[in-house]
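There are 2 protein chains.
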Amino acid sequence: MSNTKVLPLLDAEAPEAAAPCCPPLTERPFTAEEAETAARMFKALGDPVRLRLFSAVASHEGGEACVCDISDVGVSQPTVSHHLKKLKEAGLLTSERRGTWVYYRVEPSVLAAMGKLLTIAPAPA
Amino acid sequence: MSNTKVLPLLDAEAPEAAAPCCPPLTERPFTAEEAETAARMFKALGDPVRLRLFSAVASHEGGEACVCDISDVGVSQPTVSHHLKKLKEAGLLTSERRGTWVYYRVEPSVLAAMGKLLTIAPAPA
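Protein chains in written order, with our numbering: chain A, -10 to 114; chain B, -10 to 114.
Some clues are possibly wrong.
One copy or two, either will do: identical chains are not told apart, so a pair holds if it fits within one copy or between any two.
Below, computed lysine to aspartate or glutamate pairings styled on DMTMM-like, alpha-carbon distance capped at 20 Å [claimed, not checked]:
#1 Lys32 x Glu78
#2 Lys32 x Glu22
#3 Lys75 x Glu25
#4 Lys77 x Asp36
#5 Lys75 x Asp58
#6 Lys75 x Glu85
#7 Lys75 x Asp36
#8 Lys105 x Glu16
#9 Lys77 x Asp58
By construction, these hints were calculated from the structure, which means they are not laboratory data. Since the structure is predicted, the reported quantities are computational estimates derived from the model, not experimental observations.
Just need the whole structure built from these sequences, with the hints factored in.
In structure tokens, the structure reads:
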């Protein structure tokens, strides 16, 4: 059983379609609402330890990892758990318990949606 | 005269080549140093007002804007200036004074380098 939540950067009606919340940053000024949503994701990656944990999960075999796989970032286990919770709250990770361990997974669609924010909009014709 | 600074996400020897500091987040776990550098950029975009200002500059004609063009985000002029300074310190904007006004510019290479962090690494052969 997965406890996947709706990811805030994606269209809640069709998260698998990876419809981003926001246009590329270069296309037009963000509205206040778009900025709130996107800033939450960027802020979650704006901490070095969190970013290392996120990268450890994202690059792990199969795109998922349990806490036992990714504790090698020089902080305590409770700190690791705290940061993983923050990444989940921001919609960047989902988690699933299997037996003893909780497995964390990065949704490729979330990375794709964030990447799209940072693409250069084509020049107007 | 431009006061363009070396952008921390880029190779200091060849910033125009947009060599990113870090591999895609999905390629391998970030080192502590890579995470420090990349987290600084993400953190700078992790505030809704800053993100709106950044988007306003990035989407403005010619990829640059003066403060007079982008003050429409519902905060005071000193607050706008404060956030623009933070974006400059993170290497996301450069600035240039021309006459009365300071013009801010997003380096496309910085956006490209950040976007590259968020690409999905190809599966190993």
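Which hints, by number, does the structure contradict? Violated hints: none; all satisfied.
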